[in-house]
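**Q** Here are the chains, one letter per residue:
Protein chains: 2
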Amino acid sequence: MHVTIVHVHVKTEHIDDFIVACKENHLSSIQEKGNFRFDVMQQDQDSSRFVLYESYQNENAAKAHKDTNHYLKWRETVADWMASPRQGILHRGLFPISE
Amino acid sequence: MHVTIVHVHVKTEHIDDFIVACKENHLSSIQEKGNFRFDVMQQDQDSSRFVLYESYQNENAAKAHKDTNHYLKWRETVADWMASPRQGILHRGLFPISE
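If you read the protein sequences in the order shown, they are chains A and B. All residue numbers in the first sequence are consecutive under numbering that gives the first Met the number 0, ending with 98. All residue numbers in the second sequence are consecutive under numbering that gives the first Met the number 0, ending with 98.
Honestly, the hints are just simulated from the structure, not real lab data.
Pairs of lysine to any residue residues, derived as SDA-like cross-links and limited to a Cα-Cα distance of at most 25 Å, are as follows:
| id | chain 1 | residue 1 | chain 2 | residue 2 |
| --- | --- | --- | --- | --- |
| 1 | B | 62 | B | 36 |
| 2 | A | 22 | B | 35 |
| 3 | B | 10 | A | 93 |
| 4 | A | 10 | B | 94 |
| 5 | B | 62 | A | 45 |
| 6 | B | 65 | A | 50 |
| 7 | A | 65 | B | 43 |
| 8 | B | 22 | A | 93 |
| 9 | B | 32 | B | 68 |
| 10 | B | 22 | A | 96 |
| 11 | B | 32 | A | 97 |
| 12 | B | 62 | A | 46 |
| 13 | B | 62 | A | 48 |
Using the sequences and the accompanying hints, generate a full structural model.
**A** Here it is as structure tokens:
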């Protein structure tokens, strides 16, 4: 599996907006071919920090996500809400073993 | 959902052992009551760095994991393989919405 862990730091005044935008992105992304997980979480000790956990069957499926309308809309929507640049860290998903 | 993201830095000579120990822990953990995810991944650019993504229905289920035989065995097995102390960061899982 091809996993991207995206760390997001959001301006405090846009936390609620960001959650709404991520819900929409999540609901569309989990319907993509080759998507295994598109989980969104908020850090317990700092509500302005989020993690997007994006797991795809392979690199091509992960790349295809970047071309979807819902991703492009999300990216544009949240652009001005970032407190600092997003960081995406690539991983090889080991377990569960990809079918 | 109660999510813990655990960052692990393993001594290079124990990378393969660590993967074997994590597979066993993963296979048992996903059978726990209240467990949603117990994913294990390896950083693409640094094979000595791992992430354990542990998602539980609630805090009690997450705490119960720490009392299981498989967790205690894993903790003892990997103790000497750490290159630096593990870091677990707590999150509130937003999406998918917990049933």
